Amino acid sequence: MVMLLVLLLYSALATEESNLIDSLHLPEEHIQYWVNRDSAVRNLCFKNEICRLKHAINNKHCWGYESNCEPENSYSVRKTKCTKPNSWGTSSTESQLEIFQKQGDFRKLAQTFHTIEPICISNNTEDSFLECSSHLRFCCARNIFFDFKNLNSKTSKRYRNDVIRKGQVGGNCNVLFDEKLLHSRADEKSYLQKYFESYPDFRISEHRCDVIFDKPTVLIKLDASVNMYHHFCDFVNLYASQHINGSIDMDIDILWWDTWFNGFVDSIFGATWRAFTVNTPHELIDLGGKVVCFRNVMFSMLARQRFGLYYNMPLVRSGLIHAFSRHILHRLMIRQNGPLLNKIRVTLLSRSTPFRKIINEDELFILNMIRLNIFTF
Numbered sequence: 004m005v006m007l008l009v010l011l012l013y014s015a016l017a018t019e020e021s022n023l024i025d026s027l028h029l030p031e032e033h034i035q036y037w038v039n040r041d042s043a044v045r046n047l048c049f050k051n052e053i054c055r056l057k058h059a060i061n062n063k064h065c066w067g068y069e070s071n072c073e074p075e076n077s078y079s080v081r082k083t084k085c086t087k088p089n090s091w092g093t094s095s096t097e098s099q100l101e102i103f104q105k106q107g108d109f110r111k112l113a114q115t116f117h118t119i120e121p122i123c124i125s126n127n128t129e130d131s132f133l134e135c136s137s138h139l140r141f142c143c144a145r146n147i148f149f150d151f152k153n154l155n156s157k158t159s160k161r162y163r164n165d166v167i168r169k170g171q172v173g174g175n176c177n178v179l180f181d182e183k184l185l186h187s188r189a190d191e192k193s194y195l196q197k198y199f200e201s202y203p204d205f206r207i208s209e210h211r212c213d214v215i216f217d218k219p220t221v222l223i224k225l226d227a228s229v230n231m232y233h234h235f236c237d238f239v240n241l242y243a244s245q246h247i248n249g250s251i252d253m254d255i256d257i258l259w260w261d262t263w264f265n266g267f268v269d270s271i272f273g274a275t276w277r278a279f280t281v282n283t284p285h286e287l288i289d290l291g292g293k294v295v296c297f298r299n300v301m302f303s304m305l306a307r308q309r310f311g312l313y314y315n316m317p318l319v320r321s322g323l324i325h326a327f328s329r330h331i332l333h334r335l336m337i338r339q340n341g342p343l344l345n346k347i348r349v350t351l352l353s354r355s356t357p358f359r360k361i362i363n364e365d366e367l368f369i370l371n372m373i374r375l376n377i378f379t380f
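Using my numbering, you'd call the opening residue of the sequence shown number 4 and step up by one each time.
Hint data in this document are derived by calculation from the structure and do not stem from the laboratory.
On a predicted model such as this, the values are computed, not experimentally measured, just so you know.
You may find that some hints are simply not true.
As the list claims (entries may be wrong) - FRET-style restraints, in silico, Cβ to Cβ:
{"id": "1", "residue 1": "Asn-230", "residue 2": "Ser-137", "range": "25 to 33 Å"}
{"id": "2", "residue 1": "Lys-346", "residue 2": "Met-253", "range": "32 to 40 Å"}
{"id": "3", "residue 1": "Phe-358", "residue 2": "Lys-105", "range": "43 to 51 Å"}
{"id": "4", "residue 1": "Lys-152", "residue 2": "His-117", "range": "51 to 59 Å"}
{"id": "5", "residue 1": "Asn-46", "residue 2": "Thr-283", "range": "25 to 33 Å"}
{"id": "6", "residue 1": "Asp-213", "residue 2": "Pro-284", "range": "14 to 22 Å"}
{"id": "7", "residue 1": "Lys-346", "residue 2": "Ile-102", "range": "19 to 27 Å"}
{"id": "8", "residue 1": "Asn-46", "residue 2": "Glu-366", "range": "53 to 61 Å"}
{"id": "9", "residue 1": "Leu-367", "residue 2": "Lys-218", "range": "43 to 51 Å"}
{"id": "10", "residue 1": "Ile-119", "residue 2": "Met-253", "range": "35 to 43 Å"}
{"id": "11", "residue 1": "Val-349", "residue 2": "Asn-46", "range": "42 to 50 Å"}
{"id": "12", "residue 1": "Glu-366", "residue 2": "Val-214", "range": "54 to 62 Å"}
{"id": "13", "residue 1": "Ser-137", "residue 2": "Asn-345", "range": "46 to 54 Å"}
{"id": "14", "residue 1": "Ser-70", "residue 2": "Gly-266", "range": "38 to 46 Å"}
To be verified - Using 27 Å as the maximum straight-line C-alpha spacing, the simulated DSSO-like pairs for lysine-lysine come out as follows:
{"id": "15", "residue 1": "Lys-152", "residue 2": "Lys-218"}
{"id": "16", "residue 1": "Lys-183", "residue 2": "Lys-169"}
{"id": "17", "residue 1": "Lys-63", "residue 2": "Lys-82"}
{"id": "18", "residue 1": "Lys-84", "residue 2": "Lys-50"}
{"id": "19", "residue 1": "Lys-50", "residue 2": "Lys-105"}
{"id": "20", "residue 1": "Lys-152", "residue 2": "Lys-169"}
{"id": "21", "residue 1": "Lys-218", "residue 2": "Lys-293"}
{"id": "22", "residue 1": "Lys-152", "residue 2": "Lys-105"}
{"id": "23", "residue 1": "Lys-160", "residue 2": "Lys-183"}
{"id": "24", "residue 1": "Lys-293", "residue 2": "Lys-160"}
C-beta: ideal position from N, C-alpha, C; glycine also.
Construct the entire structure; sequences and hints are all you get.
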């Protein structure tokens, strides 16, 4: 009888843990890392006995960018390997590994994470707060406004840097407004490198709001949506930004900062946004002429940062890219059936442009030993 009660109790706890894991929407192997990074994940895990014992107690796991992260506890420790000497000056595979991790793995995020400084501070939660990394590549803010009266939604063109002008972004900073720091960090001008030409004109002001974003919001400028290499730079940098921000919650709003009058068209890879939010993304073009206020907003790192995470980087065995892949597949509920014994799966991207089209593509259809998965775009 006692054994039966123990089994029933364990079964109930196991079911509760399973429900918890489902609610976190995280690969189970990632929970032990997010427990130490995201306070919401940690609090939920501690409320569940099995999760607490399995993932939280004596947990030293870390992603790699945290200041107290020991290399042997990092996510990438058994993933990143240098298999042969290089020809560009480093003297050992250890030096190669360190450079790779700082340029293309989680340790790269430390360059942003550890340069974040407050620019606007208030003495209560109803007023404003703004903090940014070097070069304004990543920012978080609370209770700030944008005036989009210059957007001109019906005629707006792509890649505009003049949407926000002097006096059209600001908040109420009643303790500190470090204008000198803000100006010193506004040193990059390209559309996909920073957010606003007029960020240095951040003003302290009381303001009315035509639209209020109450949920935590991600604001992101976007690369070309028709090309996987380009567009997944957006998603990789958004995932990296969530690490820096320390929150992986899915009940968030996302605002696509695209200035084209037809809006941002994402018909090919648009399903990927479901890995980041349960809500439909909003479009900048719908906010023309309005004063928009954000309770809590994160400005995601952009696709074309200088020395940023950009397509065609040789990131094989990068723990960051490995974690991103697992994260996206899990949240989109994509399951791989296989690998299958004595079978090879071939996926062919069928391209139509002259320099990318496979000339003898049709001949592949007659090979009975190959079943082709064709994706055309």
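Results of checking the hints against the structure:
Range check, Asn-230 to Ser-137: about 29 Å between beta-carbon atoms, so the 25 to 33 Å window is met. Between Lys-346 and Met-253 the beta carbons are some 35 Å apart, a value that agrees with the proposed interval 32 to 40 Å. Take Phe-358 and Lys-105: their Cβ atoms lie about 35 Å apart, and the range 43 to 51 Å is violated. At about 37 Å, the CB distance of Lys-152 to His-117 disagrees with the hint of 51 to 59 Å.
Restraint check, Asn-46 to Thr-283: a C-beta distance of roughly 28 Å satisfies the suggested window 25 to 33 Å. Distance hint for Asp-213 and Pro-284: a CB-CB separation of about 19 Å, consistent with the stated range 14 to 22 Å. One distance hint, 19 to 27 Å for the beta-carbon pair Lys-346 and Ile-102, is violated here, with the actual separation near 38 Å. Checked against the hint of 53 to 61 Å, the C-beta distance between Asn-46 and Glu-366 comes to roughly 58 Å, which is consistent with it.
The supplied range of 43 to 51 Å is met by Leu-367 and Lys-218, whose beta-carbon atoms lie about 48 Å from each other. Checked against the hint of 35 to 43 Å, the C-beta distance between Ile-119 and Met-253 comes to roughly 24 Å, which is inconsistent with it. Checked against the given bound of 42 to 50 Å, the beta carbons of Val-349 and Asn-46, roughly 45 Å apart, stay inside it. For Glu-366 and Val-214, the hinted distance range of 54 to 62 Å is satisfied, since their beta carbons lie about 56 Å from each other.
At about 53 Å, the CB distance of Ser-137 to Asn-345 agrees with the hint of 46 to 54 Å. For the pair Ser-70 and Gly-266, the beta carbons lie near 41 Å from each other, so the given range of 38 to 46 Å is met. Restraint check for Lys-152 and Lys-218: satisfied, since their Cα atoms lie roughly 23 Å apart, inside the 27 Å limit. Between Lys-183 and Lys-169, the direct Cα distance comes to roughly 16 Å. Compliance with the 27 Å bound is thereby established for this hinted pair.
Proximity of Lys-63 to Lys-82 is assessed by CA-CA distance (about 18 Å); at most 27 Å being required, the pair is judged to hold. Proximity of Lys-84 to Lys-50 is assessed by CA-CA distance (about 37 Å); at most 27 Å being required, the pair is judged violated. Pair hint Lys-50 plus Lys-105 does not hold up; C-alpha atoms about 36 Å apart against a cutoff of 27 Å. Of the pairs offered as hints, the one joining Lys-152 and Lys-169 holds, with about 12 Å between alpha carbons and a cut-off of 27 Å not exceeded.
For a cut-off of 27 Å, the pair hint linking Lys-218 to Lys-293 stands: about 18 Å separates their Cα positions. Distance check on the hinted pair: Lys-152 and Lys-105 sit about 41 Å apart at the alpha-carbon level, beyond 27 Å; violated. For the suggested pair Lys-160 and Lys-183, the alpha carbons sit about 32 Å apart, so the restraint of at most 27 Å is broken. The hinted pair formed by Lys-293 and Lys-160 meets the criterion: a straight-line CA distance of about 18 Å does not exceed 27 Å.
The structure does not agree with the numbered hints 3, 4, 7, 10, 18, 19, 22 and 23 stated previously, though it agrees with the rest.
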